[in-house]
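Visitor: The listed protein sequences correspond, in order, to chains B and E.
Under our numbering, the residues of the first sequence are numbered 1 to 113, in order.
Under our numbering, the residues of the second sequence are numbered 1 to 113, in order.
Worth flagging that the hints you see were computed from the coordinates, not collected in a lab.
Just so you know, even glycine gets a beta-carbon here, dropped at the ideal spot from N, CA and C.
Possibly wrong hints are sitting among the right ones.
[Unchecked claim] Listed next, the in silico SDA-like pairs over lysine to any residue satisfying Cα-Cα at most 25 Å (straight line):
| hint | chain 1 | residue 1 | chain 2 | residue 2 |
| --- | --- | --- | --- | --- |
| 1 | B | 26 | E | 19 |
| 2 | B | 13 | B | 95 |
| 3 | E | 49 | B | 65 |
| 4 | B | 26 | E | 97 |
[Said to hold, decoys possible] Computed footprint of chain B on chain E, listed as stretches where at least three residues anywhere in the stretch have a Cβ under 8 Å from a Cβ of chain B:
| hint | stretch |
| --- | --- |
| 5 | 41-51 |
| 6 | 99-107 |
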Amino acid sequence: DAGVTQSPTHLIKTRGQQVTLRCSPKSGHDTVSWYQQALGQGPQFIFQYYEEEERQRGNFPDRFSGHQFPNYSSELNVNALLLGDSALYLCASSSRDRVETQYFGPGTRLLVL
Amino acid sequence: AQSVSQHNHHVILSEAASLELGCNYSYGGTVNLFWYVQYPGQHLQLLLKYFSGDPLVKGIKGFEAEFIKSKFSFNLRKPSVQWSDTAEYFCAVMPYNTDKLIFGTGTRLQVFP
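Make the full structure from the sequences, and use the hints.
Guide: What follows is the structure, given as structure tokens:
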């Protein structure tokens with residue numbers, strides 16, 4: 001049973017560029033949440049997708065957007081990258097009827113130069 | 001604003017010592033409570049969780065946590081740590097009727113043989 005997978009594992013971008021990160025949820029899960037973990041900090045909630053729609057959003061600007069596909073996989077897009085966007089981006093999946101139990105992927109480490 | 005405080009940023013123990021990591025949250029309503037662990041090079045894993053009922057919850061690997069509602073606390077304990085417990089520990093809350101986890105900044109635990 002595959003767990004949550006994320007790609008790529010590492011990414012280097014320059015300021016102003018755009019980036020897309022990908023997540024495949026654990027088998028049987030239909031809800032995907034994205035978190036940003038800056039160095040030395042705990043993860044911060046970005047948003048959550050269910051039934052291909054954004055259901056909840058944290059305190060992140062509109063530069064952060066997402067998408068969920070019919071197979072429940074998800075993408076996180078960040079436009080106009082800033083140096084401060086450098087972080088580990090975590091995807092967590094859950095089932096809608098037990099959304100409080102979230103399983104995390106290994107993350108994508110983004111470095112913005 | 002909702003927040004989670006972990007007062008111990010870095011804890012160093014010898015094997016067999018007892019462990020207690022503090023966690024306090026600020027939220028006036030009902031919450032679900034979690035402790036996550038991140039072993040070196042691995043992804044976030046759920047250690048234990050509290051939703052309701054007995055305020056003393058037991059998790060994996062001999063860990064337990066006690067929810068004290070009057071103190072808004074959910075401290076993590078283990079009577080005798082092992083070298084393999086070296087990891088970063090995150091306390092998190094999920095306010096009732098939301099699906100987002102709010103994390104503390106984490107506590108880095110180092111256990112020496």
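Visitor: Checking one constraint from the list: CA of residue 49 of chain E to CA of residue 65 of chain B, max 25 Å. Satisfied?
Guide: Not OK: residue 49 of chain E and residue 65 of chain B at ~30 Å, beyond 25 Å, violated.
Visitor: Taken at face value, is the distance from the CA of residue 19 of chain E to the CA of residue 26 of chain B at most 25 Å?
Guide: Since the Cα atoms of residue 26 of chain B and residue 19 of chain E sit roughly 32 Å apart, the hinted pair is violated (cutoff 25 Å).
Visitor: Decide if the proposed pair is consistent with the structure: residue 26 of chain B and residue 97 of chain E, CA atoms, cutoff 25 Å inclusive.
Guide: With a Cα-Cα distance of about 23 Å, the restraint between residue 26 of chain B and residue 97 of chain E holds, given a limit of 25 Å.
Visitor: Taking a Cβ-Cβ distance under 8 Å as contact, does the stretch 99-107 of chain E have three or more residues in contact with chain B?
Guide: holds (count 8)
Visitor: The stretch 41-51 of chain E covered by chain B? Criterion: 3 or more residues, Cβ-Cβ distance below 8 Å.
Guide: Three-residue rule met by the stretch 41-51 of chain E, so holds; n is 7.
Visitor: Checking one constraint from the list: CA of residue 13 of chain B to CA of residue 95 of chain B, max 25 Å. Satisfied?
Guide: Answer violated: residue 13 of chain B to residue 95 of chain B is near 33 Å, above 25 Å.
Of the numbered hints stated above, those contradicted by the structure are hints 1, 2, 3, listed in ascending order.
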